[in-house]
Amino acid sequence: MSIDQILGLITGIFFGFLLQKGRVLRFDKQIGAMLLKDMTIFKFMLSAILVGMVGIQLLAGAGIIALSHKAMNIGAVLVGGALFGCGWAVMGFCPGTSIGALGEGRWHAIFAIAGMVVGAAIYAELYPFFKSTILAWKDFGKIGLAEALDISPWFIISVFWAGIIWMFVWFERKKL
Amino acid sequence: MKWKTEDGGWSPYLAGALVGVLAIVSVYATTQWMGKTNYLGASTTFVRAAGLLERTVLPDRVATNEYFTKEKVRVDWQFMLVLGIFFGALIASTTDKSFKLESVPPTWKERFGPSIGKRGTGAFLGGIVAMLGARMADGCPSGHGLSGMMQLSVSSFVALAMFFGTGVVVAGLIYRRRAS
Numbered sequence: 001m002s003i004d005q006i007l008g009l010i011t012g013i014f015f016g017f018l019l020q021k022g023r024v025l026r027f028d029k030q031i032g033a034m035l036l037k038d039m040t041i042f043k044f045m046l047s048a049i050l051v052g053m054v055g056i057q058l059l060a061g062a063g064i065i066a067l068s069h070k071a072m073n074i075g076a077v078l079v080g081g082a083l084f085g086c087g088w089a090v091m092g093f094c095p096g097t098s099i100g101a102l103g104e105g106r107w108h109a110i111f112a113i114a115g116m117v118v119g120a121a122i123y124a125e126l127y128p129f130f131k132s133t134i135l136a137w138k139d140f141g142k143i144g145l146a147e148a149l150d151i152s153p154w155f156i157i158s159v160f161w162a163g164i165i166w167m168f169v170w171f172e173r174k175k176l
Numbered sequence: 001m002k003w004k005t006e007d008g009g010w011s012p013y014l015a016g017a018l019v020g021v022l023a024i025v026s027v028y029a030t031t032q033w034m035g036k037t038n039y040l041g042a043s044t045t046f047v048r049a050a051g052l053l054e055r056t057v058l059p060d061r062v063a064t065n066e067y068f069t070k071e072k073v074r075v076d077w078q079f080m081l082v083l084g085i086f087f088g089a090l091i092a093s094t095t096d097k098s099f100k101l102e103s104v105p106p107t108w109k110e111r112f113g114p115s116i117g118k119r120g121t122g123a124f125l126g127g128i129v130a131m132l133g134a135r136m137a138d139g140c141p142s143g144h145g146l147s148g149m150m151q152l153s154v155s156s157f158v159a160l161a162m163f164f165g166t167g168v169v170v171a172g173l174i175y176r177r178r179a180s
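So the sequences go chain by chain: A and B.
Start counting the first sequence at 1; every next residue gets the next number (the numbering used here).
Start counting the second sequence at 1; every next residue gets the next number (the numbering used here).
In short, the hints are calculated from the structure, not lab data.
Be careful, since some hints might not be right.
[To be verified] Lysine-lysine pairs mimicking PhoX-like chemistry, simulated, CA-CA at most 20 Å apart:
1) K142/A <-> K131/A
2) K131/A <-> K72/B
3) K36/B <-> K72/B
4) K175/A <-> K4/B
5) K174/A <-> K2/B
6) K36/B <-> K142/A
Produce the complete structure using the sequences and hints provided.
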């Protein structure tokens with residue numbers, strides 16, 4: 001194995017361990033979040049984002065790492081995002097959690113994984129078509145929110161922190 | 001607020017915050033050792049897996065396909081990361097006895113009954129649609145939801161809102177009624 005592969009494997013083991021410990025791999029947790037009955041997924045994801053955004057901004061600000069925004073392509077994000085949401089609600093897993101769910105014994109995730117591999121192959125076949133249609137609508141490029149609004153990223157991070165912490169307090173009060 | 005849940009799991013705040021730490025360590029480590037900053041993600045691996053499988057029967061088709069060429073069909077850092085998720089979940093669940101063989105999840109059973117065939121078909125078709133969407137949007141709840149949000153990417157705010165917004169509407173339509 002190359003250094004890339006070893007590094008990926010170790011990172012993945014930690015990632016899978018934490019996903020499982022947070023109990024976010026399960027179908028019922030994912031559907032529970034979409035039915036707004038169980039906030040576990042929101043708590044988990046938003047906590048990760050709060051911590052991660054500070055470290056990544058510090059490292060990027062110091063020039064140690066490079067940011068890698070995904071393109072703000074209107075058709076891609078709106079149509080793709082909606083398609084994903086539809087499939088996600090039926091499947092009850094996202095790509096990363098399907099593999100983890102298999103690891104904790106929820107073997108029906110194998111059908112979801114098979115579907116996603118087939119979906120990827122279909123996308124590869126249809127890519128030229130999408131490229132000349134949906135993906136061609138309007139592309140704003142790889143933009144960050146701070147540059148787009150022309151304000152400090154630390155201002156955005158502060159507002160984000162305040163809003164999410166308020167939401168967490170509300171979750172706990174309502175026992176969600 | 002408790003750090004442990006009743007079934008031996010960790011508080012989602014704690015486990016999530018540790019994923020945040022992992023994301024930071026990971027971008028630093030990949031930059032140092034691979035010479036390129038890599039962010040946590042999962043869905044591109046399904047493209048590579050599809051390419052590797054398709055290559056065994058239709059090698060020319062994969063070699064000439066524009067999308068497979070763009071995403072490079074190989075077992076890379078992210079591919080191993082996705083495999084690692086399996087082992088991490090296996091270790092965590094077997095050590096705290098939450099490992100459980102499940103063929104049909106409770107919420108699904110309540111609505112659609114105990115048929116494995118139905119569950120399998122739903123998961124398979126849902127998987128196809130979700131992956132078409134994830135590849136079109138260029139990310140999933142890991143790549144957009146975690147990594148993109150951490151970087152304050154405009155596209156990730158919109159993508160995550162679409163993922164959950166559509167998910168809430170569709171899940172409401174599907175699971176709100178009980179199986180008769």
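Discussion item. K36/B and K142/A were given as a pair; does the straight-line alpha-carbon distance stay at or below 20 Å?
Written reply: holds, 17 Å
Worksheet entry | Holds or violated: K142/A to K131/A, with C-alpha atoms at most 20 Å apart | Judged against 20 Å, a Cα distance of about 17 Å means the pair holds.
Worksheet item: CA of K174/A to CA of K2/B, is that 20 Å or under?
Response: holds, 15 Å
Worksheet item: Holds or violated: are the alpha carbons of K36/B and K72/B at most 20 Å from each other?
Response: holds, 16 Å
Item to complete: With a cut-off of 20 Å on the C-alpha distance, tell me whether K175/A and K4/B pass.
Response: holds, 16 Å
Discussion item. Can you confirm whether the C-alpha distance between K131/A and K72/B stays at or below 20 Å?
Written reply: With a Cα-Cα distance of about 18 Å, the restraint between K131/A and K72/B holds, given a limit of 20 Å.
No hint from the list above goes unmet by this structure.
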